[in-house]
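The primary structure of each chain is shown beneath.
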Amino acid sequence: MSGFSTQRFFAYLKKESIQIIRDPSTTLIAFVLPLILMFIFGYGVSLDADHLPIGLLIEDTSPSARSLEAAFTGTPYFEVTTSYNRTKLEDDLSAGLLRGVVVIPQDFSQNLLRGTQASLQVLVDGSEPNPANFVLNYAQGVLKNWTDQLLIEKKNIFTLPIDVQARVWFNPELKSREVLVPGSLAIILSLIGILLTALVIAREWERGTMEAIMSTPIRISEILLGKLIPYFFLGLGSMVLCLSVAIFLYDVPFRGSFLILFMTTSIYLIAALSQGLLISTLARSQFVASQVAIIVGFLPAIMLSGFIFEISSMPWPIQAITYLFVPRYFVDILKTTFLTGTVWEIIIPNLMALIVIGAIFLGLSLRRIAKVLD
Amino acid sequence: MNFTNRYIKARRIWYRIQALIMKEILAVWRDPKSRFAMVIPPILQLFIFAHAITLEVNSISLGIYNQDLGWYSHEIIQRIEGAPYFKHVYLLTDPHDVKRLIDTEKAMVTIEFQQDFSRLLAAGKQAQVQVILDGRRSNSAQIVTGYLNQIFQTFNVDILKREGVEVTEPVVVQSRSFFNPNLDYIYFTGPSLVALLSLLIAVTVTSLSVSREREAGTFDQLLVSPLQPWQILVGKAIPALIIGIGEGVFMMFMIITFFDVPFLGSYLLFFVSITIFLSSIVGVGLFISSLSATQQQSLLGTFVFMVPTTMLSGYATPIENMPTWLQPWTNILPMKHFLIIIKGLFLKDMPTSEVLSHSWPMALIAIVTLSLASWMFKRRME
Amino acid sequence: MGSSVENAIEITGVTKTFSGMTQPALDNITANIHKGIITGIVGPDAAGKTTLIRLMTSLLLPTSGEITVLGLNTLKDSDAIHDITGYMPQKFGLYEDLTVIENLNLYGDLQGLKGHEKEEAFEQMLSFTSLKPFTDRLAGKLSGGMKQKLGLACALLSRPKILLLDEPTVGVDPISRRELWKMMKVLLGQGMSIVWSTSYLDEASQCHEVLLLNEGKLLFNGPPSELTKIVDGRVFLLDVPEKGRRTALSNLLNTKGITDGVLQGNKIRIVCKPDFSIQSQEYPWTPAVPRFEDAFVDTLGGGPGGTSLLANSIPKKGKTHIAPIQTEHLTKMFGDFTAASDISFTIRRGEIFGLLGPNGAGKSTTFKMLCGLLQPTKGKALVSGHDLKTATSQARSQIGYMAQKFSLYSDLGVKENLDFFSGVYGLRGNFRKKRIDLMIEIFALESYLSSNSGLLPLGYKQRLALACAVMHDPDVLFLDEPTSGVDPITRREFWTHINGMAEKGITIMVTTHFMEEAEYCDRIALIYQSKNIATGTPDDLKESVKSKDLPNPTLEDAFITLIERSDMHNNEAHV
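Chains as they are written, first to last, in my numbering: chain A, 1 to 374; chain B, 1001 to 1382; chain C, 2001 to 2575.
Isolated chain A, as found in the complex (with noise of 0.2 Å):
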């Protein structure tokens, strides 16, 4: 008599799923949505500033400074505007036009001649923090090879006692895109996840089609199950889609196993799922479930989920905050599956996290939808 029934689960899913059919947007949302947030994240989101506008102010118009001129420009770093009018600099910098301005100073060549110390000076635009240090980092990198190469000429070398051999695995070029992207695409279905179900429980409710199913024989769990498994396929579909644009249109590399991939993506997938079901039974009705699904669904999935700010920099009390937003974990394994390869001991503590938090999510939902008609 009681306990679950595949007949009915069936039902429930058959039905469930000709309805996802039959509805034109949760096609969309399943797979136009997932391009769209794809070419915004594969094009749009760059931490690469290998083109920073700057203004070169020159002062001096020795030979030197010329030389030095010519070491800015050369660079692929900058985009280098040379001026010799100090304001306009300065107004184009607090305009936002240029990120920084160097000025080779009008004794610069003279205390150079002279074995004085001579001075560059690098004014940046603070109000953009990021861009303002690669500024000032690419410029002393500038200046470093620049001046090598004049105490070559003076054959006045000697040689540095350590001699520093950075190498940076996984992704040697520090191409942004190769993180951002696979980061991107845990963002993405966890948007699409609670797209697909934030609103589907509150629907049911608002429309009165759930009172005539509660009072049949079927079970709650068969319907959170019944509900569940069409989405989790539709999930599925946009992963492969985001994965194929990700692999054949950005080249992200990717060493780890597709298997675990699968694996992972199904958990997170239940998880991101379970949560706007959870929405979705709280709240009842379709309007505050979609305040909810604004609220919690988008900014803290960008913000707090080591997609692009790093977590481990953030003060302890909102390091404990990101471990409630399901997409870090996910962020964590993505990145490491494509870039590194398989790394149990990063899978395995981000997985069990997945799935308590999604069995919690399932579990609160189950409770929930049991009561609701009080």
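A couple of the hints might just be wrong.
To be verified - Below, computed lysine-lysine pairings styled on DSSO-like, alpha-carbon distance capped at 27 Å:
#1 K1009/B x K2319/C
#2 K2132/C x K14/A
#3 K1378/B x K2389/C
#4 K2546/C x K2243/C
#5 K1033/B x K2546/C
#6 K2141/C x K14/A
#7 K2091/C x K14/A
#8 K1009/B x K2434/C
#9 K2243/C x K1009/B
#10 K1009/B x K2389/C
#11 K14/A x K2118/C
#12 K2035/C x K2076/C
#13 K1009/B x K175/A
#14 K144/A x K1125/B
#15 K2434/C x K2415/C
#16 K2317/C x K1009/B
#17 K2378/C x K1378/B
#18 K2378/C x K14/A
#19 K175/A x K1087/B
#20 K1161/B x K144/A
#21 K2256/C x K1378/B
#22 K2405/C x K1033/B
#23 K2185/C x K2035/C
#24 K1378/B x K2380/C
#25 K1378/B x K2243/C
#26 K175/A x K1099/B
These are computed hints drawn from the structure, not numbers from a lab.
Please arrange chains B and C on chain A, whose structure you already have, making use of the hints.
Just chains B and C, lined up with the frame of chain A:
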């Protein structure tokens, strides 16, 4: 028509719109759940994100595999441990641990000293250090490289000094940061969050407001009333503007008070520009809402609008990093223009002329989206 | 197990309290529902009818007391109860984006039907409900009557021993209602027990037994005829002149000793108190056979008085030469589908004009075109000479509109809704305040002022909706099924207002499925298959179908006969 008549007519219209405005405010404000959602999450998010959003790197974990027993490596390790941004320093004894530490993200960087490191240096020869960085954190890796280079460079100079070599770099860099002397990240995050969160509120209030009434059948009730479509639009836009601007101004003062970000510009200009900005957002929200038949479609529309707004407006990452063909398209995002203005007003005391030159694109977007929304009201009557 | 139990359902001392409510929704109810009969649950709004049915399905649990369904306790055996009961909730519980057969499949599987058994049940249900030709149609595209049948079919698939129906005939036309009753008779013949909640009292009187609830209390439990007996010899029909019938009704209702009165064409039906002397009446009278409704209203303490404070509060409208409502060859096509075709009529000032017809016949489409909510494909719909879609605010502020579905702001309070609509219609200052206060007084909304209007009992929702539609004293009033699902007492109150307003010169257009209500109309247009098939006074329509078989037709008879004639005519045209 003479002047008095016109005045009376305008007043009558205004009274009608006023009733609608009151209703819209109540619709958001009356339900405790909805009121909560409008006030608490934005403020919470302001505090959380203000701390969370940083591309600075601190609390770095670092692994050191030291095969050298001499003084030099020991000294470097002490200096690294003393530096403020390194939190965990793991001392490794097994070369395999280097790979394990990096692979498992326990450390972002490892340093390896060869057996003969101190011997070579003591002999006045060049010694090598291997530094391995985790490329999965591309931005952080670059910043960490900078930190480490600084430590090694100072140490290099110190060694040379001990050997009696006079080192003067021929050129030194004097750097100065405008608008944000210490390159504090919050100077960037604070103003940006004010823009982003007030946008989020304005969108949430408007994007469901029409589709929700359609599903409830009350929109028909509005259409048969004496309200003209443009009046319905105004009645729905103004409450969202009031709520958005109210919270925007509130958050601005929070940022100034609790996060010590200076506000150098004019409050009046801030008010004017946030009004134009939020008008354009309200326009987009109402357009999404009038386009959708169901609330789910509205929700979808909201997400489709929010993602590019956060990712492509220069908020998440700078616009100049994008491919050049994509950059002009970012101009259709009101957020892009307002980010420039709000940072300008906070940090740069941006002059009126410049504020205005960044405002007109938003005004244009507002006009276009609001007209489209109003037109959709009528069209949807079929 | 079931057969050893005497009663289908036993309700013992059941009380149900919802959190946040001061009064219990059901207060110490004890009753037995017998096997093999139809038991009606009747009562005014907020009496607790739906709560009681939900308790029987074990979708709600009693606060105290217990209910057993064929010996199974709803507290412990809810799964077993779901196996032996069929339940159709108020909105029929259908998935509108699934086809008829898909809905059946879903519910069949949920009820555990297998293979051959399922096929057989489908076959039977489809022919039983005559839905066979429509198996591939989406449920959302069915008419109200067909939805109701499909909902019923879904509830019946597993051959439940007990069938629970919650207001199955709300918003359903008389033809579908008659068909539903025929189906019920068949089911009874198969030994099923049926519980049916309704606010249609002609239906209640056809039940074998009724439970009469009021404010959560059980007032009566037994055969309806037993209740009807209490008004024996107290019901009369009065002949009144057609011109002054509304005034006459109003005066009669204000007469001490008369507890109830309704219009029936050219006659007025009254119920008197036992001590009232009918001899004193100025109009010629004949005794009438009491109906259940007469007894119902009498038991609940009589209907409202005959004076409409609302009508008294508005000035008499001046005369104009423009027809308040006029349609000329009004046609609306949705793609290939003709929703309304060539509909023409003109309504006079102060007239109550009824738009009748089966579900999906085109009433609502016509209505919406008049209100300016739909653009006609051809023809004209004019209200006071204006096309409302493009009309100025001025023109639109002269109409009042009450939608079919409750469409006020359900998450706003009662007062806030009144504030809003008075503001939108341009009422201001002191006058606005006075109007709002008056509405609150007239419609007795005082005690609900701060509650969310979505949580009001249905009757109060409708009152509020009417208040919002008339507050600005419109010239023309559109009422789309204003009393759908509302109890007879509230319905009488509505008609007192409507009559009063018509007397003041307000033109009223109304749609309804209640034939008793249609009797109040001055004229009726019968819309069927998108066409206007008959227009006239209620008595005209009755007269037109008079025959040997039907010497004394009711309006419902007229309705059905006219539609059958139209069908025959169409068939001939096709042949």
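Comparing the hints with the structure gives:
no.	hint	in the structure
1	K1009/B x K2319/C	26 Å, holds
2	K2132/C x K14/A	22 Å, holds
3	K1378/B x K2389/C	9 Å, holds
4	K2546/C x K2243/C	23 Å, holds
5	K1033/B x K2546/C	60 Å, violated
6	K2141/C x K14/A	21 Å, holds
7	K2091/C x K14/A	22 Å, holds
8	K1009/B x K2434/C	23 Å, holds
9	K2243/C x K1009/B	42 Å, violated
10	K1009/B x K2389/C	20 Å, holds
11	K14/A x K2118/C	16 Å, holds
12	K2035/C x K2076/C	22 Å, holds
13	K1009/B x K175/A	63 Å, violated
14	K144/A x K1125/B	22 Å, holds
15	K2434/C x K2415/C	13 Å, holds
16	K2317/C x K1009/B	24 Å, holds
17	K2378/C x K1378/B	19 Å, holds
18	K2378/C x K14/A	43 Å, violated
19	K175/A x K1087/B	26 Å, holds
20	K1161/B x K144/A	20 Å, holds
21	K2256/C x K1378/B	53 Å, violated
22	K2405/C x K1033/B	25 Å, holds
23	K2185/C x K2035/C	14 Å, holds
24	K1378/B x K2380/C	19 Å, holds
25	K1378/B x K2243/C	43 Å, violated
26	K175/A x K1099/B	21 Å, holds
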